[in-house]
Amino acid sequence: MTNYLEFEKPLAEIEGKAEELRALARANEEMDVEAEASALDKKAETLLSELYTDMTAWRKCQVARHPDRPHCRDYIEALFDEYTPLAGDRNFADDHAVMGGLARIGDIPVVVMGQEKGHDTKSRIERNFGMARPEGYRKAIRLMDLADRFGLPIVALVDTPGAYPGKGAEERGQSEAIARATERSLNVKSPVVSVIIGEGGSGGAVALATANTVMMLEHSIYSVISPEGCASILWKDAEKMREAAEALRLTAQDLKELGVIDRIITEPVGGAQRGRDETIAAVGRALEVELKALMKQAKGDALLKARREKFLKMGSKGLAA
Amino acid sequence: MNWISNYVRPRINSLFSRREVPENLWTKCNKCGTMLFHRELAENLNVCTSCDHHMAITPRERFGALFDGGIFTEVEVPAPVDDPLSFKDQKKYPDRMKTARKGTGEREAMLVAEGEIGRTPIVAAAQDFSFMGGSMGMYVGNAIIAAAERAVQTRRPLVLFSAAGGARMQEGILSLMQMPRTTVAVQMLKEAGLPYIVVLTHPTTGGVTASYAMLGDVHIAEPNALICFAGPRVIEQTIREKLPEGFQRAEYLLDHGMLDRVTHRRDMKDELVTILRMLTGQPPAVKGDLPAPEMVEETPVEAPADPAEKAEKA
Ligand SMILES: [Zn+2]
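So the sequences go chain by chain: A and B.
Heads up: the first sequence at position 140 corresponds to 140 in the working numbering, and the numbers run straight through without jumps.
Heads up: the second sequence at position 94 corresponds to 94 in the working numbering, and the numbers run straight through without jumps.
Any given hint might turn out to be false.
What the hints assert, rightly or not - Straight-line Cα separation of at most 30 angstroms, DSS-like style, residue types lysine-lysine; simulated pairs: (1) A:K256 with B:K91; (2) B:K88 with B:K102; (3) B:K190 with A:K299; (4) B:K88 with B:K98; (5) A:K299 with A:K189; (6) A:K256 with A:K310; (7) B:K98 with A:K240; (8) A:K9 with A:K236; (9) A:K189 with B:K190; (10) A:K317 with B:K98; (11) A:K17 with A:K42; (12) B:K190 with A:K317; (13) A:K256 with B:K88; (14) A:K167 with A:K122; (15) A:K256 with A:K167; (16) A:K317 with B:K88; (17) A:K189 with A:K292; (18) A:K122 with B:K242; (19) B:K242 with A:K313; (20) B:K190 with A:K313.
Simulated from the structure, these hints should not be mistaken for laboratory data.
Let's have the full structure, built from the sequences with the hints guiding it.
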């Protein structure tokens, strides 16, 4: 079953009709519907590619949050060998919103980590919908320590609505944990590559996206605040999220132009949720290329310096009006 | 005190035009409601003389009280690209900026200065909550980098007074990028072996708390300051329960290990001097008011300077 987004409703109708026809034909052998059904298929295909061309920012937000998009766990399972999860922040708990450990990509041993949103009710609750508590960021810090100590590259997969706004999270120092994680990633000597695979939500994302190379999937988003949050503050109306999404310039395309990210990874027509394997493979190829390029430069603290320089310079140019 | 608010104030209002009067003479404490004579309040560093409530204080007023003899030199902050995203909500970002500049007489939400406190040379940066909620955008990032660079150049400690509702939404992702950017500035100080003291004032929230405000060698907060990542309203909406009294206030954070000290504004200067002199291996300071130091290198700026004129030029 396909989960259609709000703007895909016309598509759902056409695809539904085609399916209905075929179901009829299966029940009634005399009926020949194939010509009509394939005409509908064709129409659907055209519509799909139209819907996914020149998308509005708000539509991108919806795609970025699509429940069927591949999540962190899917990438780790498909792209990495010998994945060995490492748990805990050595302080308070193991935060399941952040997963990570040792693994190999190709034959390169790395530390891989990222926020995992979960794929059904049970796992979503367990993963807290990808919203990390301080323990999640402290686990990331620990994993970065490990990577740095043994010169392993770090691969971070970013997919979070934001850091968890909860009572315990605040009491245990959500701000401090995020600040330290960002600081730690700016102190690592080994290569750091981040891919924003879905939602890059605010400070909760930045802590895992302070990398030498930051890549984004074509329909992922990365923003200082959610469009809904921005709308309710600046428009005093959360329903103005379309306007807010547009104004925030949170698409991969805008962020590339702003120099905030380095590379966009193309998604199949209809988004990552319609071509999961293809998307995962594309991310894998991009990771190998970027990791190998960075590993060549990894002498002494060259990459650490380059990373700091990169972030110091960030924002010196705006977007063309 | 009731007779003041009920009788005197309406009478004053009737005597002068609305624009000129209230702020100039009286301020009502927003905690205990006491009407405070403005001069008296200013002399008490904007702390209520009746209930000790710490009200907002502008960076210029703060520096005037902090630096010896009220004398400090502003450190120049490079101007960022204006309105990098051509951002428009119900108002255009440049219009919001214009209003903020007019209202505060300041160019932006952070002031950086150098001078001496208790004869101890420092660089100081203070965030201005009255300027668009003190929000952190490119300018604030530039200010913190300029402050750190100046501190490294002159081998002085950096004291940073934080106050912000968070990141400046009108600069979108570029405001978010100030989190790693300012973290690099903090690393410059740490690697130069210079103290970095954060004074967290009301309110310090969001991306500001989750970057440079939580990376100090020492964290001092003003009493009752709200310090958090997610604001109390967002949390209440998420967890659907009422938060305990004092949640996310300075004293609460002190109890939870996030701060070193909570210090009354009146005692802040002495405390900073004491700590900084120990961290930099200098002998104890002579306490009390000192005459203004001799400035050799640059022409000092008398504080408070006329901010309105400055903003016009900016
Ligand atoms: Zn009071």
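Discussion item. Tell me the numbers of any earlier hints that the structure contravenes, in ascending order.
Written reply: 15, 19
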